[in-house]
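Residue numbers (the numbering used here), protein chains in the order written: chain A, 102 to 403; chain B, 102 to 403.
If you're looking for bench data, these hints aren't it; they were derived computationally from the structure. It is possible that some hints are incorrect.
Since the list gives no way to pick one copy over another, a pair counts as held whenever it fits inside one copy or between any two copies.
To be verified - Straight-line distance between alpha carbons at most 25 angstroms, and here's what the computed BS3-like set of lysine-lysine pairs gives:
id, residue 1, residue 2
1, Lys363, Lys154
2, Lys145, Lys231
3, Lys381, Lys344
4, Lys254, Lys344
5, Lys145, Lys381
6, Lys254, Lys147
7, Lys363, Lys231
8, Lys382, Lys267
9, Lys231, Lys316
10, Lys231, Lys216
11, Lys231, Lys381
Number of protein chains: 2
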Amino acid sequence: MKKFNSVLIIGMGLIGSSISRALIENHITNNIYGLDCDENVIQKCKNLNILTKGETELNKFDIQFDLIVICTPLSSYKNIFNSLAEFVLQPTLVTDVGSTKMSTIKDFTNVTNNKYMTFIPSHPIAGLEKTGPEHGFSKLFNDRYCILTPFEKNDDALNRISEMWKSIGMSIEMMEPDRHDRVLAMTSHIPQLIAFSVVGTATELESHMREEVIKYSAAGFRDFTRLAGSDAIMWRDVYDKNKDAVLEMLGRFSEDLSTYQKAIRNGDLEFLQNKFNQSKKIRKEIEDIGQAGSFDPTEKKN
Amino acid sequence: MKKFNSVLIIGMGLIGSSISRALIENHITNNIYGLDCDENVIQKCKNLNILTKGETELNKFDIQFDLIVICTPLSSYKNIFNSLAEFVLQPTLVTDVGSTKMSTIKDFTNVTNNKYMTFIPSHPIAGLEKTGPEHGFSKLFNDRYCILTPFEKNDDALNRISEMWKSIGMSIEMMEPDRHDRVLAMTSHIPQLIAFSVVGTATELESHMREEVIKYSAAGFRDFTRLAGSDAIMWRDVYDKNKDAVLEMLGRFSEDLSTYQKAIRNGDLEFLQNKFNQSKKIRKEIEDIGQAGSFDPTEKKN
C-alpha cells in the first residue's frame with residue numbers, strides 16, 4: 102500500500118501507542134508524531150522510543166500530516182476537531198478509534214468546515230484493561246475487526262483508511278453509525294457497566310467480607326474485575342455519548358435478570374438449566390470463529 | 102505426608118480428573134479409582150490413562166478406600182452419601198469440592214449414620230469453564246485457596262485433608278459454612294449468574310444483531326461468555342442450594358446497578374467516574390495478591 106509521509110496520533114495511551122508501534126512495524130509510515138495533553142505520557146513515549154517526536158500542544162508541530170488518528174476519550178473530540186480545523190493546511194485523512202460513532206460524527210460535522218480534512222470514523226475492536234503507552238504492543242489488532250462508519254461518499258479516503266487498518270492485521274466491516282452504537286452497547290458497553298457495577302457492589306460489603314471477596318476472586322469475580330480495570334474517563338464518556346442505546350440494552354438485561362431471580366426464588370431448575378445451556382452454545386460459537394482470546398488460570402511468576 | 106492406599110474420585114469431570122492427575126503427580130497415592138455415572142466419561146479416562154480403574158457403579162469396586170473425593174453436582178450428594186453409607190466398611194475420609202457448604206453438610210448429616218465415614222467439607226477455589234476429563238490438568242490447584250468448613254471436631258481428619266490439598270499446591274483457609282456460602286455467593290455465584298444472564302440477553306436479540314454481537318464479542322462480551330461456558334447442571338444446583346445468599350447478593354447488585362442507570366439517564370458523569378475508579382482499585386488489589394490469572398487477548402493458532 103501507499104505509505105503515509107507523516108502520521109499524527111492524538112492520545113498516546115494503550116491504543117494510540119499500539120497503533121504507533123504497529124504502523125512502524127508494518128512500514129505504513131516512517132514518521133510517527135504523538136500528541137498528548139499529559140506531559141508524563143509524552144515522556145514515557147520518549148523513553149520507549151516509539152515516536153519521531155512527541156508534544157503536549159498541537160501548535161508546537163511545525164509540519165503538516167497526511168494521516169491523523171484520534172485515540173482520546175470521547176469528551177475531547179469537539180476541542181480536538183476545533184484545533185485541527187485551525188491547524189490543517191493540506192489534504193489530511195482523519196480517523197479515530199472511539200467506541201461510539203453517532204456522537205463522533207456529530208462532533209465532527211458540527212465543528213469543522215475545513216475542506217482539507219476528510220474524516221472516516223473507525224472503531225477497531227481491540228483492547229486490554231491496562232492503560233498507558235507502556236502497555237501497548239503492535240500485535241493488539243491482529244485478527245480483530247475494525248468497524249468503519251463512513252457518513253459521506255469518498256471511496257479514495259475509505260480505501261486508504263481500510264488499507265491502513267488491514268495492514269496492521271484487522272478485518273474491515275462497514276456499518277451504519279446508529280447500528281454500530283446499538284451493537285456495541287450490547288457487546289461492550291453493557292458488559293463493561295455490569296462489571297463495574299458488580300465490582301462496586303463488592304466494595305460496599307462489610308469490610309471483613311470485602312477482603313474475602315478479593316481473596317477468593319478466582320471463583321469468577323476476577324473475570325469482572327479485569328474489565329473493571331479499564332480507564333474511568335474513557336468509559337464515563339461512552340455512557341454519556343451512547344446513552345439511549347445503553348439504557349435500552351440495560352433495560353433488556355434487567356428484565357432478563359429478573360426472570361432468573363424469579364426462577365431461583367421459585368426453584369424452577371429446569372428454566373435455569375435451559376438458559377445456562379443456551380449461553381454455553383453462544384460461547385462455543387465465539388470460540389469457533391476465533392474471537393475468544395485465551396485465559397491462563399495460572400499466575401505468571403515474576 | 103502419609104500416603105493414601107487407595108483413593109476414589111466420584112465424578113470424573115474437569116475437577117475430578119484434575120485431582121486424579123495431581124494426586125498421582127505429587128505421590129499422594131499410587132491407586133486412583135474413578136466413579137462416574139457416564140460411561141463415556143469413564144471411557145475417556147481410560148483413554149487418557151489417568152485411573153487405576155474406572156466404574157459406573159460403586160458396587161462394582163471390590164476394594165475399600167481410605168479417601169473418597171466427591172466431585173459431582175450438588176443435587177447428587179444425597180444419593181452418593183446413601184450409597185457410601187452402605188458401601189464403606191472401614192475408616193474412610195470423605196471430602197468434596199462443592200460450591201455450597203451448608204447444603205453439603207445437611208445432606209451428609211441427614212443421611213449417614215455410618216461411623217466409619219469422616220466427612221470434611223472442602224471447596225477448592227479453582228476451575229475453568231471447560232467440562233470433561235480431557236480438559237483437566239494437575240496444576241489447576243496451584244497457588245489457589247481451598248476453604249474447609251469442618252462441622253465437628255476431628256483434628257486428625259482435618260489435618261490429613263488439609264495436607265492432601267496442600268500437597269497439590271493449595272493454601273488452606275477455615276471458614277464457618279454459612280459465611281462460606283455468603284462469600285461465595287458474591288465472588289462466584291452472582292458473577293456467574295450475571296454472565297449467564299448477559300449472554301442470555303444477547304441470544305434473544307433480533308437474529309441479525311445476535312450474529313454481530315458474537316462477531317464483535319472481543320469488545321468485552323467474550324469475558325462474560327467464558328464464564329457462561331461452564332456446566333449447566335452444576336450451576337443449576339448451586340442456585341438451588343444457595344438460594345438465600347444468592348437472592349440477597351442479587352438484590353444488592355440490582356440496587357447498585359439502578360444507581361448507575363439513573364446516573365447515565367441524568368448525565369451524572371462525576372458519579373460514574375468515581376465509581377469506575379473505585380472498581381479499578383479492587384482490580385489492582387487482586388493483581389497484587391496474585392489471584393488475577395492472566396488473559397492473552399491474542400488467539401492461539403492451531
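Hint by hint, which ones does this structure get wrong, listed from lowest number up?
The structure breaks hints 1, 4, 6, 7, 8 and 10; every other hint is satisfied.
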